[in-house]
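K.L.:
Quick note, the sequences are listed as chains A and B, same order. Just so you know, we're using my numbering here: the first sequence kicks off at 1 and counts up by one. Just so you know, we're using my numbering here: the second sequence kicks off at 1 and counts up by one.
Just so you know, the hints here were simulated from the structure itself, not pulled from any lab data. Model, not experiment: these values are computed from the prediction. Careful, some of the hints might be misleading.
[Stated by the list, open to error] Using 25 Å as the maximum straight-line C-alpha spacing, the simulated PhoX-like pairs for lysine-lysine come out as follows:
id: 1; chain 1: A; residue 1: LYS707; chain 2: A; residue 2: LYS668
id: 2; chain 1: B; residue 1: LYS183; chain 2: B; residue 2: LYS209
id: 3; chain 1: B; residue 1: LYS219; chain 2: A; residue 2: LYS470
id: 4; chain 1: A; residue 1: LYS457; chain 2: B; residue 2: LYS300
id: 5; chain 1: A; residue 1: LYS583; chain 2: A; residue 2: LYS564
id: 6; chain 1: A; residue 1: LYS470; chain 2: A; residue 2: LYS583
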Amino acid sequence: MANMDKVTGFLERTYHKQIRAHHVLEPEEGDYTDLPANLHPKLRTALEQDGIRSLYRHQGEAFNAILGGRDTVLVSRTASGKTLSFFLPILHDYMTAEPPFSVMLLYPTKALSRDQENTLGRLMHTATESRKMGTFDGDTPREERQTIQRVADFVITNPDMLHAGILPNHHRGWKSFLSRLKYIVIDEVHTYRGAFGSHVSNVFRRLLRVCEMHGSRPVFVCSSATVGNPGAHVEALFHRPFEVIAKDGAPRPQRDLYFVNPPLMKTAGSAVYRKGPGSVSVKLLRTAAEQGVRTICFCRARQEVERLYRAVTDGRPDLAGRIKPYRGGLLPNERRELERSLFDGTINTIISTNALELGIDIGDLDLCILSGHPGTIASFWQQAGRVGRKASRAVIVYIAKDTPIDQYLVTHPDFITRAAVEEAWLNADNPYILLQHIPCAAHEYPLRPEESAFSGKAYNLAVKILSDDKTIVPYHDCYRYALQDYPARGVNLRGMTDYNVDIYCGSEVIGEIDPIGARGTLYKDAIYQHLGRRYMSMDLDLDKKLCRVEEVNVDYYTEAVWEKRLEMTDVETEGDVRGAQLKFGYVHVNSQPKLYKKIRERSFENIGYGPITLPPFEYDTTGLSLVPPAEWKSRMAGADRRYIGAALFGLSYLLCRTAPSLCMADAKDIETDVSSHELEPQTWQSALYLYDAHEGGVGYAEKIHEKLDEALRLCREIIDGCECENGCPSCVPPLPPGVNDEELEELLIESNAAVQCSRSLLQALIEGEILLPEVSQIRRPLPSDIAPPPEDEEEVRLTNRLTRASQILKSKREREH
Amino acid sequence: MIDGALLHLPGIGPEKRRALYQRGIHTWSDLLDEEESGLPGLAAASPLAEAIHESRRAAGNGDIGWMVRRFHRADHWRILDRYHREATFIDIETDGLEADSRITLIICFNGDGIRTYVQGRNLDDVLDELDRTRLFVSFNGASFDLPRIENAFRIPPISIPHIDLRWVMTHAGFQGGLKSIEKKLGITRPRDLVGSDGAEAVWLWNRWKETGNPELLTKLIRYCAADVVTLRILAENIAGIVDGTPPQGFDNHPLWQLLPEEPDIRPPVPVQNQVLHPAEAETGTDPAEERLRRHHRRRKAQG
């Protein structure tokens, strides 16, 4: 593909000094099978009209498994024909089986639901001429809802709507649909993990319970992106064995994976800083757009997307029509429009947050740029998987940011291709979560002495607690819900923020954002960018859930500086772990944007500060705090005071990543941090905190508190077992996140102190043995081994000639003036 | 009377029944006795004979549920005529006229008198009353009162036999609401209740909640109780009404004297339910349970 060669040629020529590695992932042949012999003739015709004459092997396997009535999970990449995998057998069954028949399709987000309604609806209409499909979510107009309940055989919805809209009405509007339910399709099932997954698992228990009442026994069909444990994950989610179809038969072209590290620069004051990913991505995006290479660039944050878009199109009106930004917080119609334009080729380059990581169909792409590492190995491959579906060649360019993780990855490029994809954990019997769903279940139908969907110790305990406080009361041999409200309304599956702040410009709503995000990006005087326009926030009213902005013309953006304070307000238990002080109790979390920095575009110069006066984001949760043993501290302080901080931040990093596996949580359900308290004037004491990132707590920190010894041993095992020399993201990176002390940073950034000090602290906590860490300097990373490709002589000559000609013309014009 | 219910029998519709009446056949016995009834195969084992015997057995056993389930709606008045002394007449009021309005008041009326169940005081006790009831009589209860009660208490569909007087009256030629039926039959409510309607009942409740003025609650209870008194008057005289010969002098009916003069909200009857649930088996508390309880209280307190 000549155009792509020009783009990679440009990349290799211009940035050869910054390319740390170039991996070539070999092409993979497609593995095909014939269309099933018994496939309904109308479906066969519909497929053949679309040019489909065979299936990938995984699609064929799925066809047989699903029609065999087996609960099935399909593990596949984005764009590997997943939709056909599950929809073909279901449609075939729909057309051949006797009614009654209905199918529920769940997508984790509304955007995905709408996208899929179009895709599925088209195939369904071509094959069956039926339009009995509808989307039932928060955006469905009231008058359409009844029609969908009454008429639709296929209902697309999301877990939140199932929980609060469908289940509470199972015996009224949804009775007929649920009594016909034959298949439940759950797409992107890997997103249901941690606390969210545990909630959703209980929603499914409730669904199966009412299905049983209405006489249906649906088959589960799930699709998942790659996770480390797909089978175990869906079995934990749905409490039944699954057939796992994991071998992806879709072909893949050769993929070139570049690791780029922007250069270190010196300012006038000779401070050293690293250029941002924009220093590479701006020119690369322009070149790709000029060459007509279909490109997606992933950024970490919404406003980052806007800033990059601005930088790429600034002064290039010719590109503005072909490149667009895409992110959450745009209005739904704006997003639909962008998806369509990308699909039909009106635009060929999109700059996006991870909003496009899930399976929204945007057609085939050739170049994927990752501006910074997305946080997990799974996300990295999910984003990279957006390219290389049909083309003969695909290119992935990973541009590192100046963060410890990015810097590690870009200097150890094998890590990405070798590291295992994260596992997904959840625990449906988490008592704190179960306690929220039992009232909902009782509200749906009284709890009978035997409930096949619910049982066990946690369930019995929840029933007891709820009956003691008269949330449920005895009725005949059951318990009925005794309050006059809708318990589902008080249970938010996704955590703490379930409303949006509307962003008004004049009388028009231009966007929306969650309240935590609003605190960090829409404080008064913040610069907010939306589809390339700049606005200034005039007023953020969190009570009224609105923000007023006005369009402005400035050349800077703003960045909030957050401050977080942790305090254990209510100590429940206090103990001693080999001299360390361990407490468990209620933790008050207070995080607040304190001030904002004005940063000039391009130069990233800091051009001023301003205060932010917003109420803090506060909540109470449960957590533990750990103060290292006094003797260990004094020995460390004797060698270097900073060793204590190095160990605490290192252990904080490690615990945050290992704890989820011990309490079946997701990484984002647990937070760790190091916080200091003034014991007496001038005496500060640092403690390591680990707490649930959910208001009220959901029992994760409690579990870790119980299993602290096991957790510490696991941490030590990880450090000891890691192949790295000086620390890495798999154990403890040289500069763990959260460090905001300059002296400590100086020690960490060029030494193995973080990992060595963490090891010393772990040894003290596990064995009561005090060992001084062996701290040494790290060698600088090796220079690049990528040779610049020879320049295209013809092009150089032509460029020189034209440049000269243009200069002559210019001086001629000046003379004539 | 009960044995005049013919419309649920196989092969008998309104036309056929008219023909039978012309030939002097009015009851199950008539049918069985009529040797030359002209009905096909009235042999001992025929479906018709079977159905008659089954109906007789149910009537003999006082199986009201069977009769309500099986009798044609146009014959429901016969059950009412026979069993109105055992029936509980019921009516509810709500705090609005919307589909999700909440129940504010339930009045039950049977041989033991009129009982009042008020939201926030003793509403839940009505469930014990339901458990003691053999037959429900309501006006429009099939689509309004009963579903509302099931929904309010989150209980499974109520299986107690239920006769909806609205449909009984419709079959007797009296269409429309309760107030218009009262008018046609000359039933007059006590003077303070004339002209009150469902909308006023909503207003009375909401106003009472605002002001706490007990007179408003009394009036609401009297209004709702008047509805059930009318139901009982209709039930007691149902045979005459169906016949087209309703008795006169409803306006000074002694039942009106039972209307409460002030709110009479009885203390709840102790619940006798023996619940054997797995949760009951668990005894004693452990720290984890205590934490969970505390957590639950915090969540509730935060709303």
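K.L.:
Could you run down the list of hints and mark each one as holding or not?
P.N.:
Each hint, compared with the structure:
In summary, the hint linking A:LYS707 to A:LYS668 is supported, as the alpha carbons are separated by about 20 Å, within the 25 Å threshold. Among the hinted pairs, B:LYS183 with B:LYS209 is inconsistent with the structure: their alpha-carbon atoms are about 32 Å apart, more than 25 Å. Between B:LYS219 and A:LYS470 the CA atoms are separated by roughly 32 Å; this puts the pair beyond 25 Å, and the hint is violated. Of the pairs offered as hints, the one joining A:LYS457 and B:LYS300 holds, with about 22 Å between alpha carbons and a cut-off of 25 Å not exceeded.
With a CA separation close to 20 Å, the supplied pair A:LYS583 and A:LYS564 stays within the 25 Å bound. Note on A:LYS470 and A:LYS583: the hinted pairing is violated, with a Cα-Cα distance of about 33 Å set against a maximum of 25 Å.
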